[in-house]
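2 protein chains.
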Amino acid sequence: MTIQNDILLRTLRGELCQRPPVWLMRQAGRILPQYRALRAGLSGFKELVSTPTLAAEVTIQPVDELGVDAAILFSDILVVPEAMGLDYEMVEKKGPSFPKVIKTEADIRTLDSGKPAADRLGYVYDAIAETKKGLAGRVPLIGFSGAPWTLLAYMVEGGGSKTFSKARRLLFSNPDLAHQLLDKITETIIAYLQNKVAAGVDAVQVFDSWAGVLSPGLYREFCIPYLKRICESPGDVPLILFAKDAWFAFDELARLPANALGMDWTMDPSWARSVAGPDRVLQGNLDPCTLYASPDTIETAARTMIRSFGQHHIANLGHGVYPDTPLAGVKAFVNTVKNFRYQEIA
Amino acid sequence: MTIQNDILLRTLRGELCQRPPVWLMRQAGRILPQYRALRAGLSGFKELVSTPTLAAEVTIQPVDELGVDAAILFSDILVVPEAMGLDYEMVEKKGPSFPKVIKTEADIRTLDSGKPAADRLGYVYDAIAETKKGLAGRVPLIGFSGAPWTLLAYMVEGGGSKTFSKARRLLFSNPDLAHQLLDKITETIIAYLQNKVAAGVDAVQVFDSWAGVLSPGLYREFCIPYLKRICESPGDVPLILFAKDAWFAFDELARLPANALGMDWTMDPSWARSVAGPDRVLQGNLDPCTLYASPDTIETAARTMIRSFGQHHIANLGHGVYPDTPLAGVKAFVNTVKNFRYQEIA
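Top line first, the protein sequences correspond to chains A and B.
For any residue, its number in my numbering is found by taking its place in the first sequence, counting from 1, and adding 322.
For any residue, its number in my numbering is found by taking its place in the second sequence, counting from 1, and adding 322.
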């Protein structure tokens, strides 16, 4: 099916467009009254993730309400560990929790991986098909996965953490075990992304959400090689790689064959340009808290950001939009980007 | 009183010593069996902080047990908000919690500040006097304070947070209010550090623990000017400034008149040297998780770090030592530094 608004895909292919495309990480979620209404009637987050018609509905809501240039499938990065055999619970106001964690080689052996594991996530592929039908080609659909290190971090730590010190400890105390686990996770992510592409996603994003707790040396050893395998595998659709807070590895990330690099809000756009080069497609990176400000302030900040990046840019926040962000702020951001024209800075 | 082991103070003054001095952030704490034994008999963390003889005892424990080159007063950065009128509780396994938070200009008006607030912390100054007596000049004593932004973050957020989005929100939604609060906090920190110096500390460290959640622009506006005031004020003892995760402001921090800059473990020492210059005293930055590894691995990592920094370096971790770190690992680190000689790399 032809995509009517394909500005995101053209930008990802390196085309020069008249403005940056715009979407928001976590745009399908609590910022929308439609989402909150639907969510109120459900037993929990996982019901929403695992029910294709519902996941599709909330995926499409921001396209209708905000006019963003892409949809991103409503899901969670932790469906991959679950498909590998490590169940998680989503605890309200606390976040994910794994009743069982990975500690030994025997634990790793019990995990499924690759295509057999990925094939278990039928509800995700059904949600993709359902969403594509509902979108009817209006905008492209992005599918996503967590990166190997970030998934390992949850599988070893057992939940969220400020420091992920248990997961980092494994890299020092048993690096071989860490590599075994990263290998299995990577195989699963690759199969998962290939299944998603087969089901119809038009682009994929890989989130290395906990990249920032590692040192440059650890990132080089335990992350980059696995990300490289993923970047080289998913096939026919563009891939966006977002390693949050990994400023110290940005030059190495920029050498990977990803189609675009995500950036958090601590990175200055001109610094990123100087590291990644003028032709690299960069995605980001407005501070999500900017959207708490007045529409005028948001417009100024968004325009300053767009000018700093120059072309080959996908406008987004530097992190997922915070759940209590006023809808007016989100709309001010999206509309500012959509009204911008690069000819203003030619 | 003359300090017998003054390698830290000489390094802070820019002297070339035969090895780097070494101490660890959070060295007075749960890594030591002596601390855990003493703590077990107390009602809570705050009893320890506010009882001078006990605070002095745990401050001295790592000097006896580990042979570090400095003591750092056992205390908490949140005694400053408390002295300003904002009580906190330390909730076991959860962290600090403020029953009341700062929301409005009226809230700020009710806060005490400057010398009257700082003078309330008599138990801290008594603990300093007690510690100096116990140390009997063996090593210098470091006093510390949180930085203005980090204290504001707790006072507005009401406790710890991964994102401190409520505190960051204030910077966007009401920058004037944020500046008013930062000004009052800064005045109090300055008076507090001056009181500490008067009570006998030999050096001070300012912790901007939550620097890393800000963007370069916000850091420039809401942090640097206040840190500058603090760097210019404490008087006669050297000041170490540690802005964790503030890589994006490292060049600006390096221009402040601090005697040394702390570094977290995401910063490559050679990168920091290239930004701060060869003569800047830098402190850090081994990944705290390194100390979970074998003594051989720790020795190799510590020696590699020391060589990367070159002279004008204070060996430390890139963050507080984690409470469950094996004592053998901590000792391997300290001993490696103490056995190193710069002539090896001359």
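Among the clues, some could well be false.
As the list makes no split between identical chains, a pair holds if one copy fits it or if it spans any two.
As the list claims (entries may be wrong) - Below, simulated PhoX-like cross-link-like pairs (lysine-lysine); rule was C-alpha separation at most 25 Å, straight line:
hint	residue 1	residue 2
1	Lys488	Lys653
2	Lys653	Lys368
3	Lys484	Lys422
4	Lys425	Lys488
5	Lys660	Lys368
Bear in mind the hints are in silico, worked out from the structure with no lab data behind them.
Hints that the structure is at odds with (numbers, increasing): 2 and 5
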